[in-house]
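A.B. asks: Use these hints to put chain L onto chain R, whose structure you have.
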Amino acid sequence: MLESAVIWWTFFKISINERLIYRADFMLGTLMRFLPTLTQIFLWWAIYDVISSNEPNNTGAEPDGNIAGYKYGDMVAYYLLVIISRAFSSMPGLTGGIANQIRNGEVKKFLIQPVDMQGCLLMQRIAHKLVYYLIATLPFALVFFLCRDFFIEGWPPPDALAVFFASLILSFLLGFYLECCIGLIGFWFLEVTSLTFIYMLMNFLLSGHMFPLELLPAEPYNIRQLVEYLPFKYLAYFPAAVFLGKIEGPEMYRGLLAEIGWVVFFIVLSRILWHRGIKRYSGYGG
Amino acid sequence: MAWAGMNWGLFKIIYRHTGEIGLDSGWHEHEFFIFLGTIWIINSLIQTLFMANAAEFSELIRTGNLDFALLKPIDTQFLISFPRINWSQLPNGILGVMLIAHSLSELMQEREIYFSVFSLPAFLFFIGCGAVVMYSVMICLASTSIWFGRNQNLYNFWFYITNFYRYPMEIYQRSGVGMALWGTFTFVVPILVVSNIPARILAQPLGTPWKPWEWGLAAYAIIGSIWSLMASRWVFKRALKSYRSASS
Chain R
1 MLESAVIWWT
11 FFKISINERL
21 IYRADFMLGT
31 LMRFLPTLTQ
41 IFLWWAIYDV
51 ISSNEPNNTG
61 AEPDGNIAGY
71 KYGDMVAYYL
81 LVIISRAFSS
91 MPGLTGGIAN
101 QIRNGEVKKF
111 LIQPVDMQGC
121 LLMQRIAHKL
131 VYYLIATLPF
141 ALVFFLCRDF
151 FIEGWPPPDA
161 LAVFFASLIL
171 SFLLGFYLEC
181 CIGLIGFWFL
191 EVTSLTFIYM
201 LMNFLLSGHM
211 FPLELLPAEP
221 YNIRQLVEYL
231 PFKYLAYFPA
241 AVFLGKIEGP
251 EMYRGLLAEI
261 GWVVFFIVLS
271 RILWHRGIKR
281 YSGYGG
Chain L
287 MAWAGMNWGL
297 FKIIYRHTGE
307 IGLDSGWHEH
317 EFFIFLGTIW
327 IINSLIQTLF
337 MANAAEFSEL
347 IRTGNLDFAL
357 LKPIDTQFLI
367 SFPRINWSQL
377 PNGILGVMLI
387 AHSLSELMQE
397 REIYFSVFSL
407 PAFLFFIGCG
417 AVVMYSVMIC
427 LASTSIWFGR
437 NQNLYNFWFY
447 ITNFYRYPME
457 IYQRSGVGMA
467 LWGTFTFVVP
477 ILVVSNIPAR
487 ILAQPLGTPW
497 KPWEWGLAAY
507 AIIGSIWSLM
517 ASRWVFKRAL
527 KSYRSASS
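From first to last, the protein sequence lines stand for chains R and L.
So in this note's numbering, spot 2 of the first sequence is number 2, and the numbers just go up one at a time.
So in this note's numbering, spot 132 of the second sequence is number 418, and the numbers just go up one at a time.
Bound-form chain R, shown alone (with noise of 0.2 Å):
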């Protein structure tokens, strides 16, 4: 137990340097991660101007016409917000990253050594999380702070607050197992590229990355329903909810459940996975 821990601490601690390397180049890319959130902001801006001059008694000045629930504030915070989602639940290259170490062979030093190939990558994302959070807390301060009108109804309830970091971190661990069992299923087509593209388009679509879900159409498909019962929701659009106050109560805490039923499952699967898919594996490569 506490020989796993040294080791675990280890690699924390190598992925920490590792990533301290450019420091600089990783704050410009943070900022940088905004640009897109201005074009949307003035792309809502101009969809909300047509909708509030359909209204009666309209004033003018802001806005106030509202879609799906959504004003033109929380439109624009919903986007920053899921910036912090996905700032916890994106794993850039984890799926490619276990599918090549699978495909080359480099898989067989978590056979010979007593390391645990899962924990191993989950410290290291822990790692380059944590140094990311530490550099891009300042950009992302400044940004917040720039945009802290859109937030029409200010800091949401302390407990809505405290849902709202649980689900982050939950959205962190899902993002992660969920991506770990995609990579593992190398073990059985070697080749996930085409896979790793679905779920990144799904990802896309249905996690609320591009727009708040209560927009998806329910009909002629019910498309809207259907997103309620996946779990990709929870890496974007369930904590941004959450913050504005969209999801609320008894539904809050039900959804928090499930996003931890949902991690329960994807660790389940990847650990299934992965012992059938090593009684499987026959060590291609050098």
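Think of the hints as simulated: they come from the structure by calculation, not from any bench.
Quick caveat: nothing in here was measured; it's all calculated off a predicted structure.
C-beta atoms are modelled at their ideal positions from N, C-alpha and C, and glycine is treated no differently.
Do not rely on the hints blindly, as some may be mistaken.
To be verified - Calculated lysine-lysine pairs in the PhoX-like style (CA-CA distance at most 25 Å, straight line): (1) K358/L / K527/L; (2) K279/R / K71/R; (3) K527/L / K71/R; (4) K108/R / K13/R; (5) K246/R / K298/L; (6) K497/L / K358/L.
As the list claims (entries may be wrong) - Just so you have them, the derived chain R footprint on chain L, three or more residues with Cβ under 8 Å: (7) 447 to 453; (8) 517 to 530.
Stated by the list, open to error - Okay, the calculated bits of chain R under chain L, using three or more residues with CB under 8 Å as the criterion: (9) 46 to 52; (10) 136 to 150; (11) 214 to 221; (12) 225 to 236.
C.D. replies: Chain L in isolation, oriented as in the chain R frame:
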């Protein structure tokens, strides 16, 4: 191609909730999809013809193999701009043409669209201007790798910059920051103009005949393309002067 489909889906959903993007700008659903199709065509032209080459150029700089290109008795910019064609990006453009054709036919059932023998050549000409401007931007971006010595961010930068030209210019003309952006991407880096003008030729969001400012903008698009081509040439030359080879 899937990205294009997703983009389309996004706006399909947006138009379920609104009739127009930008108050009285005339960008209703069909007009906007003509705009989107135009963007796809320009993008696919750039990605087919120049994207791989620009990335290759950055790679040449990093490895020092640019020396060989410099030694050849032919214009270096020409040499590094056109060696390869990436056909896999062409389908997006075809998709754009199909989207425009479909939206246009829908639009013509709704209201009158004015066509003359000049419409199509004009559209193609301004698409060409668009390609020229985007090419210039890309050359400038690629040239920066002479100074920075790295190219990983080329695609990222490209993505962030094209982000600004994917929407009708009206959405920016609302506030101080928006006007600043509009000004930047119209007069300094004229990418907004070159996406808006060809789309306006076909979609005619404000009806026909064009308003005087639309004519002005079209004229400016031509000047803008020439100016950006010259600017990119200048940046390229400047960058080459700082080139110090590598490894060997």
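A.B. asks: Now tell me if each hint is right for this structure.
C.D. replies: Right, here's what the structure says about each hint:
no. : hint            : result
1   : K358/L / K527/L : holds (16 Å)
2   : K279/R / K71/R  : violated (54 Å)
3   : K527/L / K71/R  : violated (53 Å)
4   : K108/R / K13/R  : holds (23 Å)
5   : K246/R / K298/L : holds (23 Å)
6   : K497/L / K358/L : violated (49 Å)
7   : 447 to 453      : holds (count 4)
8   : 517 to 530      : violated (count 0)
9   : 46 to 52        : holds (count 5)
10  : 136 to 150      : violated (count 0)
11  : 214 to 221      : holds (count 3)
12  : 225 to 236      : violated (count 0)
Violated hints, listed in ascending order, are 2, 3, 6, 8, 10, 12; each of the other numbered hints is respected by the structure.
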